[in-house]
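Asks: So the sequences go chain by chain: H and R.
Each residue of the first sequence is one higher than the one before, counting from 1 in the UniProt record's numbering.
Each residue of the second sequence is one higher than the one before, counting from 1 in the UniProt record's numbering.
You may find that some hints are simply not true.
With a straight-line cut-off of 25 Å between C-alpha atoms, the simulated SDA-like cross-links for lysine to any residue are [what the hints assert, rightly or not]: (1) K117(R) <-> I101(R); (2) K465(R) <-> E492(R); (3) K563(R) <-> F87(H); (4) K14(H) <-> G43(H); (5) K499(R) <-> K678(R); (6) K420(R) <-> K49(H); (7) K29(H) <-> Y205(R); (8) K129(H) <-> F811(R).
Note that these hints are calculated values from the structure, not bench results.
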Amino acid sequence: MWEPQGMYSKFLLKQPTILFGDNAIMGLKTYATSRVSVIYGSGLDEDYKDKISNALSAFEISFVKKTWIGEPTLKTLHATIKKIEEFNPDLIIAVGGGSVIDGAKMVRTYYEFPFFNINETSFSMLNWKTTFVAIPTTIGSGAEISSASVMYNDSHRTKEFVVSHQFIPEIIVLDASLIVNAPKNMLLASMVDALSHAIEGYMSNIDNMLVDSYAEKAIQIISQFHQVISEGTSPENINKLQLASLFAGLVQNHCIVGATHALAHQMSAYGLSHSAAIAIFLPAVIRKNNNDQASKERFGQLAKHSGFNNGEDLLTFVEDFIAGVDLTKERKIVKENEQHILSDNDFFIQALDDKGGQGNPVPMDKGFLLEIFKEACS
Amino acid sequence: MKNSTMTDSLIGNNPYEIGSEQKEQLFSEALFEEIKFHYDNNEQYRNFCKNKDFNPHDFNGNLEQIPPIAVSVFKDLGKDLKSVPDNEVKLSLQSSATSGIPSTVVLDKITAKRQAKVMVKVVKDFIGAERKPFIIVDVTPNPENIRFLGARYAAIGGYLNFASEVNYALDIEAGDNVSFNIEKTKEFISSMDKNVPMVVFGFTYMLYAQVVKPLLDKGVKFELPKGSKIIHIGGWKKLENEKISKPQFNAAMSQLFSVEEEHVIDIYGFTEQMGLNYPDCECGWKHTPIYSEIIVRNPATREQVQDGEEGVLEFLSPIPHSYPGNVVLTDDMGIVNPEPCPYGRNGTRFKILGRLKKAEIRGCGDILGSKLKFSNDDLTLDISEKSNLELHFWKGEKLDQTLAAEAQLTELITKLNAKKQWLKDQPIDALIGLIGEASKVWLKAEGDLESMKEKGLAFLANWAKPIHLNRISTIGLRNNRQYIDGFLPLNESRKQFLKANQKGLVCHWLAGNVQVLGMFALLQAILTKNVNLLKISSKDGGVFANLLRTFEGVSYTTPGGYKIDGEDLLQTIAVVYFSSKDRDLGELMSKSANVRIAWGGREAVETVANYPAMYDTEDIIFGPKISFSAISKEVLGTERKAKKLARKVAVDSSVFDQTGCASPHNLYIERGGEVSPKEFCQFLAEGMVKASVQIPKGETSVEQISAIHSIRGLYDFKGEVWASDDTTWTVVYSEDSNLAAPVYSRVIMVHPVDHINETLQYIDDNMQTIGLASSGEKALKFAEEAVEKGVMRCPEMGRMLNFESPWDGIFLMERMVRWSTFGGPLI
């Protein structure tokens with residue numbers, strides 16, 4: 001006869017090595033490697049390539065420009081995999097934004113486990129022999145600490161999340177020099193994304209006390225240093241924001257985020273960037289969730305622990321921060337499509353089904369999301 | 001026993017006078033009188049009858065329905081098998097044991113008297129009532145020769161009752177050498193009355209060795225009086241290897257002694273029914289006297305066969321009184337002739353056709369008596385015999401068939417070595433992918449592979465899945481399979497790098513018992529990028545070639561587009577067969593090998609080990625090993641748990657029909673659990689039924705069937721037996737805790753113990769696997785002690801036969817590569 005097994009909870013914190021500071025990249029020198037492949041996106045200049053080469057003690061280094069655009073598919077990954085197979089590296093570096101890092105995760109998987117099958121394989125076998133290094137050139141997305149790799153299945157025309165903590169890179173290099181020159185508005189929007197990871201992760205119905213402090217620290221750092229973006233970026237402070245973004249990403253990765261992400265994911269069809277969409281929905285979602293007493297108390301606790309007097313103060317900070325981001329274009333798009341979206345049942349069904357939004361502290365239904373959407377548009 | 005029994009009145013009759021109808025009742029009454037006596041007075045026999053559901057007191061069936069006792073029972077229990085009090089035992093009689101373990105029976109006065117009486121009556125009928133001059137072809141039975149004569153001493157004594165004068169024809173010399181004294185014998189013959197027929201008596205093998213062999217060539221001839229006879233006893237066992245048939249022997253004897261051929265009389269008899277002699281009648285057949293009867297049984301089913309069909313012989317006789325030897329199933333094969341005897345003798349006519357062959361040891365259980373020393377003793381004396389080179393699988397360039405076998409093998413090895421570079425260039429992950437493609441075909445087990453399904457193919461298919469090969473090669477190559485593809489940091493050092501290299505040519509000598517095992521080694525040799533030459537066993541039956549054929553037309557492309565073809569891989573593998581007696585071919589193969597892998601029994605691995613090889617050749621010997629299982633009482637907490645465990649034991653005992661080194665033959669169960677060892681046997685029996693459906697049994701040889709019956713027969717006496725109606729499976733319960741010799745063919749011996757640690761005493765380095773069902777510290781302690789004593793693995797039950805790495809204490813892949821470094825050293 002079957003007997004119920006005792007239930008238990010498990011905290012898991014996959015903690016990569018984080019190299020940061022002025023010469024973060026030089027930290028790679030201490031790692032033993034024979035052959036290194038560097039997968040990079042469009043914006044990597046020759047100087048930085050030299051910098052990477054100088055930082056490595058390998059015999060051979062190959063630079064491979066990613067062959068996919070946007071979300072990778074097996075087809076668009078192929079040419080990169082081919083180059084990696086031929087070069088046979090034991091250390092792979094991905095330098096770029098979320099798309100580069102996510103794609104490189106899949107390249108590494110297919111390189112090390114040619115028989116890997118998204119649908120059939122248990123990921124427990126992903127026992128890496130290569131070392132994977134992520135060097136993010138953007139801030140906020142948390143891709144560098146994410147267990148998920150997003151791949152577009154071209155035959156089924158579906159987006160596939162491949163999730164395993166094994167996908168988290170072994171080493172993350174937070175090099176501020178790659179960020180400093182990014183457009184101010186983009187940086188601000190990215191920080192909203194990071195804020196949303198910390199807030200929605202903290203508020204998630206998946207309670208994980210272990211990462212709570214990461215959320216609190218992330219918000220505290222962002223509230224303390226956000227002005228550096230507007231006031232003129234210093235590498236030192238950018239590095240702090242990179243760390244805050246990493247902490248927030250870590251929170252998101254261990255707790256499932258909520259309604260903000262559920263709605264924002266649907267807006268990519270309308271050409272909105274992820275962080276802009278997040279910025280549009282985040283305050284409305286917080287307010288909506290705060291109608292629930294327990295949620296409100298939890299949000300208040302987050303506010304206090306991250307240096308605010310109360311929840312209201314934190315919400316005001318979030319709203320002020322977002323007000324500093326130029327969302328003119330995005331708000332216009334939303335406004336234009338408001339009526340269409342409100343009458344589009346599928347939009348909300350998909351949002352409710354969105355795997356990345358299942359952690360909302362208050363149970364969601366269509367009406368719930370509809371109200372948020374309306375408020376965000378007003 | 002009363003003074004006048006039915007047996008006494010039966011043996012008052014002459015042996016061959018009474019017709020069959022009249023005999024039937026007389027014989028049957030006497031026989032049952034004896035059987036009832038044993039049933040009432042012999043607890044072991046009564047126990048046996050109960051096990052067999054037979055009670056002589058309310059039995060009214062036919063003779064063939066009486067459960068026969070196998071001769072193995074007398075070998076094992078003989079001395080203790082008594083139906084009379086100890087003080088009535090006068091003598092215990094042991095067979096001459098020309099082969100194997102002797103049988104023992106205990107005699108009281110009654111039995112001895114009966115034996116003597118029926119012997120005289122039968123022999124008289126053939127050589128006449130008057131005493132005659134005897135030439136006994138043996139040494140004088142004086143006290144100093146007793147040791148040399150052994151069991152022959154008593155037999156000679158018996159025949160002296162028929163002798164008027166005696167000449168002992170053999171002289172004994174120093175060192176127990178004997179010689180035929182021709183002069184003395186000639187003198188004896190000439191001193192006798194020329195009109196009185198004489199008798200030449202001896203043991204068949206003594207006559208052959210001392211008379212036929214030495215004297216025939218010398219042209220010696222003795223002129224015996226007309227009507228003389230030659231009688232010989234003891235059987236042909238020792239002559240089985242000599243190239244002489246009974247007619248040839250008779251012709252030679254008749255020529256030597258000038259005796260008519262039909263007067264050369266072979267007398268059959270056996271210890272378990274001593275006293276009953278079966279001489280050859282002039283009609284060429286033997287007869288059962290009124291004192292005994294014969295039944296011929298099918299060696300496999302043990303059913304009675306039709307007259308005229310061959311089978312194993314069962315003899316029934318009321319003569320044995322002190323021990324229950326009245327219905328005995330022998331190891332002898334024979335045939336019954338229902339036609340009446342033209343010479344007027346009554347009694348069933350039969351012939352002995354030879355001995356049921358002893359089960360050939362097919363498994364790993366013929367463990368080494370002592371550690372191999374790899375000395376060249378005795379093996380170098382083996383005569384090498386020329387053999388052809390049979391190419392069982394080779395996809396490379398054709399060999400010149402007109403060349404001699406050795407030249408062909410040399411050419412083959414050259415061609416294989418030429419493929420080393422191709423293999424070197426293949427990424428290990430591509431090789432894994434390609435084998436993975438083949439594993440999909442193996443999993444389907446269609447066509448030629450279907451018969452392999454239950455012989456480990458399903459396991460091989462799972463084992464060869466990429467995910468598993470990836471794991472195996474990672475573990476096997478110092479935690480990073482990619483060492484075989486290039487230099488990588490050694491132990492995370494930035495200064496020193498490590499690389500694994502192919503060794504070159506791996507030569508495999510495969511065994512016939514578990515062919516799939518050879519595949520595990522071959523695949524690991526491929527993953528370490530070695531070319532392979534495999535010599536299959538004569539029992540292979542095309543199995544290995546069929547497995548390899550899977551690679552034909554199979555290819556694998558990596559996600560990055562690298563394509564590897566099965567056809568190319570096949571050019572790196574050759575499967576050959578040649579006689580293992582061809583030393584030249586064996587040596588050539590051995591000398592060319594960079595790695596030698598030998599599987600099989602003692603002789604097979606010793607042969608390989610004794611071939612010359614390069615000084616740095618890596619030797620991997622998977623020699624014979626045995627295994628058992630042990631269950632501690634803690635894991636027998638509930639009936640449900642016990643049943644589950646029993647199913648697992650049943651699987652272990654059924655896979656490969658127990659021919660694997662890791663197959664358990666003995667199972668030790670602790671007393672004191674919720675389920676007793678005996679109760680466990682019942683569950684195990686149920687498990688064996690299920691396993692026989694799940695894992696259908698392969699063909700069982702007649703010899704094997706006989707061995708199964710023999711062990712069942714023995715334990716019907718000694719313990720308890722649960723068994724299928726046919727010979728599919730057998731569970732034997734024995735209070736004796738000694739490790740029983742393997743019988744194979746799904747025979748599992750269950751022994752109760754008070755603590756599993758009692759079984760530690762049976763462990764030495766011949767022991768490969770112990771299937772262990774225990775828990776906690778007890779399990780750990782047991783495993784620690786067991787491995788220290790020599791056991792290689794203590795896996796879970798139900799998975800004992802699952803090939804794993806390490807195997808037999810070896811990480812196979814690590815032994816098939818050469819490690820090289822670059823940079824460093826660190827100190």
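Asks: Against each hint, give a clear statement of whether it holds in the structure.
Replies: Hints, verified against the model:
A distance of roughly 28 Å separates the Cα atoms of K117(R) and I101(R); the hinted pair therefore is violated under the 25 Å criterion. Between K465(R) and E492(R), the direct Cα distance comes to roughly 29 Å. Violation of the 25 Å bound is thereby established for this hinted pair. Between the alpha carbons of K563(R) and F87(H) the distance comes to roughly 16 Å, so the proposed pair stays at or under 25 Å and holds. Proximity of K14(H) to G43(H) is assessed by CA-CA distance (about 29 Å); at most 25 Å being required, the pair is judged violated.
Between K499(R) and K678(R) the CA atoms are separated by roughly 56 Å; this puts the pair beyond 25 Å, and the hint is violated. A threshold of 25 Å between alpha carbons decides the hint, and for K420(R) with K49(H) the separation of about 39 Å lies outside it, so the pair is violated. For the hint linking K29(H) to Y205(R), the alpha-carbon distance of about 86 Å lies beyond 25 Å, and the restraint is violated. Between K129(H) and F811(R), the direct Cα distance comes to roughly 20 Å. Compliance with the 25 Å bound is thereby established for this hinted pair.
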